[in-house]
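Residue numbers (the working numbering): 301 to 411.
Calculated directly from the structure, the hints in this document are not laboratory data.
There may be inaccurate statements among the hints.
Unchecked claim - In the BS3-like style, the derived pairs of lysine-lysine whose C-alpha atoms are separated by at most 30 Å in a straight line are:
(1) K384 / K322
(2) K383 / K323
(3) K323 / K384
(4) K383 / K322
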Amino acid sequence: MKHRIPQRQLKFTPIRHGLCDKKHREALGGSSAFLFLYVLSLCNPYGTEGVIDYTRIEITEAFCGIYDCSQRTARGWFLRLIKKGYIVETHHGTWQVINFGNFTTLGEDKL
Numbered sequence: 301m302k303h304r305i306p307q308r309q310l311k312f313t314p315i316r317h318g319l320c321d322k323k324h325r326e327a328l329g330g331s332s333a334f335l336f337l338y339v340l341s342l343c344n345p346y347g348t349e350g351v352i353d354y355t356r357i358e359i360t361e362a363f364c365g366i367y368d369c370s371q372r373t374a375r376g377w378f379l380r381l382i383k384k385g386y387i388v389e390t391h392h393g394t395w396q397v398i399n400f401g402n403f404t405t406l407g408e409d410k411l
């Protein structure tokens, strides 16, 4: 299946050290944190609202294609991100990272 998300995109997403805090480690668990980092890399680099212009299926399929994990595993991690309040579906069927500015330094003048 052809993915709309580039399989190997060279994109850097600066994240804040707070993402490694105990509360996030416990909420994300070990492995779903990798999916969350991938989701952060898909956000619009010029905005600060954390919008991801892809569907859940596109995100999990592309993630599995790159990182060699099962669809079932990725779907479980994605659901955990939703339940723990890290991402939410927009009314357009795409996704948004909640409190995006708390996790990244994108959109700041320093960059």
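Structure-based check of each hint:
1. Among the hinted pairs, K384 with K322 is consistent with the structure: their alpha-carbon atoms are about 14 Å apart, no more than 30 Å.
2. Distance restraint check for K383 and K323: the Cα-Cα separation of roughly 15 Å lies within the 30 Å cut-off, and the hinted pair is therefore satisfied.
3. For the suggested pair K323 and K384, the alpha carbons sit about 11 Å apart, so the restraint of at most 30 Å is met.
4. Proposed proximity of K383 and K322 is supported: the alpha carbons are some 18 Å apart, at most 30 Å.
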